[in-house]
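J.: Read top to bottom, the protein sequences are chains V and E. For the record, in the first sequence the residue sitting at position 84 is 84 according to the working numbering, with numbers rising by one throughout. For any residue, its number in the working numbering is found by taking its place in the second sequence, counting from 1, and adding 1000.
If you are wondering where the hints come from, they were derived from the structure by calculation, not from laboratory data. Don't be surprised by glycine CBs; every beta carbon is placed ideally from N, CA and C. Take these hints with a grain of salt, some might be off.
If you only want the chain E side, here are some residues facing chain V, beta carbon under 8 Å, derived [unchecked claim]: (1) Asn-1059; (2) Leu-1061; (3) Lys-1064; (4) Glu-1073; (5) Ala-1074; (6) Ala-1107; (7) Tyr-1108; (8) Ser-1114; (9) Pro-1148; (10) Met-1154; (11) Asp-1158; (12) Ala-1181; (13) Thr-1243; (14) Val-1244.
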Amino acid sequence: MLAPLTLLLLLGLALLYFQNLILHPYVQVRLLSLLTFAAALRQPLAVAVGVAVFLGLLQDAFALTPMGLHLAGAVLLVAAARFLSRRLLLAGPGAQIAAVALVLLLEEVGVRLIMAFLGLPPLPWQDWARQLAVEIPATALLAPLMFAGLERLHACLWRLGWRPQREAR
Amino acid sequence: MAVFALLSLSLQRSPVVRRLEGLLLSLTAPGLQVLHAGGDAVKRVWRGYVWLVGVQRENELLKKRLAEAEQMEARYQEALKALQRLEALLDLKRQLALPVIGARIIAYDPSLWSRAVIIDQGRSAGVEPGQAVVAPAGIVGRVVEAYPRHAKVMLIVDRLSGADALIQRTRIRGILQGRGANRSALEYVPKSADVQVGDVVISSGLGGVYPAGLVFGKVSAVNKRGAGVFQEVEVTPAVDLSTVEEVLVVKSAKLALTP
């Protein structure tokens, strides 16, 4: 369990750096949300939760939002991934993109509800429109790439002798 | 006799002749195409590796040198820009005549849910929560969290950011409130007040965070048609908060707060 968790956390960290150093401010995509969701589809629950916790908190650390807001979003993604199950990985790119767009929308709505519940000022409609029109679709378009990358990582780990506990028994 | 017959048919543009012509072309053209391509390849090999081997090498060398020169030019331009930015910061430091700490922005907020940056100076350098962060063009934000070697800065466009401000031209006061993304608004300005697009919005100095007279931004839109007694004044920050790299942390606010 430790090997995939470590690798996914390092990948998440690398994506955060990439987003900050290369993409910002011109490209706004949710690479970490995508990674969290993709990891939760394929990996055991313990690994998925570990990734969600680490990446959620990592984003919270860089943001001004209350600590745990990104984490809540990440947990929502894990729950959605578990609900959709790993069969999504076998679906075509179109279905994957649509599913990820839906899940990111769910995350956004969930986080906004939490923010409203916390009494934080609502985000302006311009931000909402931007997220709906650009950020979420752009991230969803990257879903097949992320899924394929993680499948390859899983295959590499398999070749190196790693087996999830459930499958090893 | 047969030749003449064929010529005759050809002149008459007989379909039989055209079909025959087409058949021949179809059968032979592909081979010719392959040979032509092969010939070109042979010619390229000959010219590249045998006949013009020296020229090609020289060309490669020149291309490499050009690439190196371009890289050097890019590095030079980058260094020049950094120098210009740092010179502007130095000028600002002189203008402020306040104790300041130079810092570099190393990370940006990962989501649109808030607007913050992380700087590379922290408590060890004297950075404390509540201190103002400025750039040559104007105010960036204020420190909200200070760690040993880093600090978190709330940008003036964050929805939780609020500061006392005034219109430079008319001295009309209001509260500059962050609106997320790259927007802010001057609130609590009466509809009767004279505010025009292009007016400069500066800090009033009240509140003890931002030194008086520093620029927040410019009025980019005014709307007096809304309900209520206040007009809507949209302010575009003077600093491009998405691309700013070097900043100064002003220590005076803290000094003012702790006599």
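J.: Determine for every hint whether it applies to the structure shown.
T.: Hints and how they fare:
This hint is violated: Asn-1059 of chain E has a C-beta 33 Å from the nearest C-beta of chain V, more than the 8 Å allowed. The criterion of a C-beta within 8 Å of any C-beta in chain V is not met by Leu-1061 of chain E, whose closest approach is roughly 32 Å, and the hint is violated. Taken as an interface hint, Lys-1064 of chain E does not check out: its beta carbon lies about 26 Å from the nearest beta carbon of chain V, beyond 8 Å. Given hint, Glu-1073 of chain E at the interface with chain V, is violated; its Cβ is 22 Å from that chain's nearest Cβ, farther than 8 Å.
Residue-level restraint check for Ala-1074 of chain E is violated (minimum Cβ-Cβ distance to chain V is 16 Å; threshold 8 Å). Here the hint on Ala-1107 of chain E is kept, as its CB sits about 5 Å from the closest CB of chain V, short of 8 Å. About 5 Å separates the beta-carbon of Tyr-1108 of chain E from the nearest beta-carbon of chain V, less than 8 Å, and the hint is met. Restraint check, Ser-1114 of chain E versus chain V: the minimum CB separation of about 4 Å is within 8 Å; hint holds.
The beta carbon of Pro-1148 of chain E comes no nearer than 14 Å to any beta carbon in chain V, farther than 8 Å, and the hint placing it at the interface is violated. For the restraint placing Met-1154 of chain E at the interface with chain V, the shortest Cβ-Cβ distance is roughly 6 Å, inside the 8 Å limit, so the hint holds. Using the Cβ-Cβ criterion of 8 Å, the hint placing Asp-1158 of chain E at the interface with chain V is satisfied: the shortest such distance is roughly 6 Å. A hinted interface residue such as Ala-1181 of chain E counts as satisfied when its beta carbon comes closer than 8 Å to some beta carbon of chain V; here the least separation is about 5 Å, so the hint holds.
For Thr-1243 of chain E, the suggested interface contact is upheld, since its CB lies about 6 Å from the closest CB of chain V, less than 8 Å. At a threshold of 8 Å, the smallest CB-CB gap from Val-1244 of chain E to chain V is about 10 Å, leaving the interface hint violated.
Taken one by one, the earlier hints fail for this structure at numbers 1, 2, 3, 4, 5, 9 and 14, listed in ascending order.
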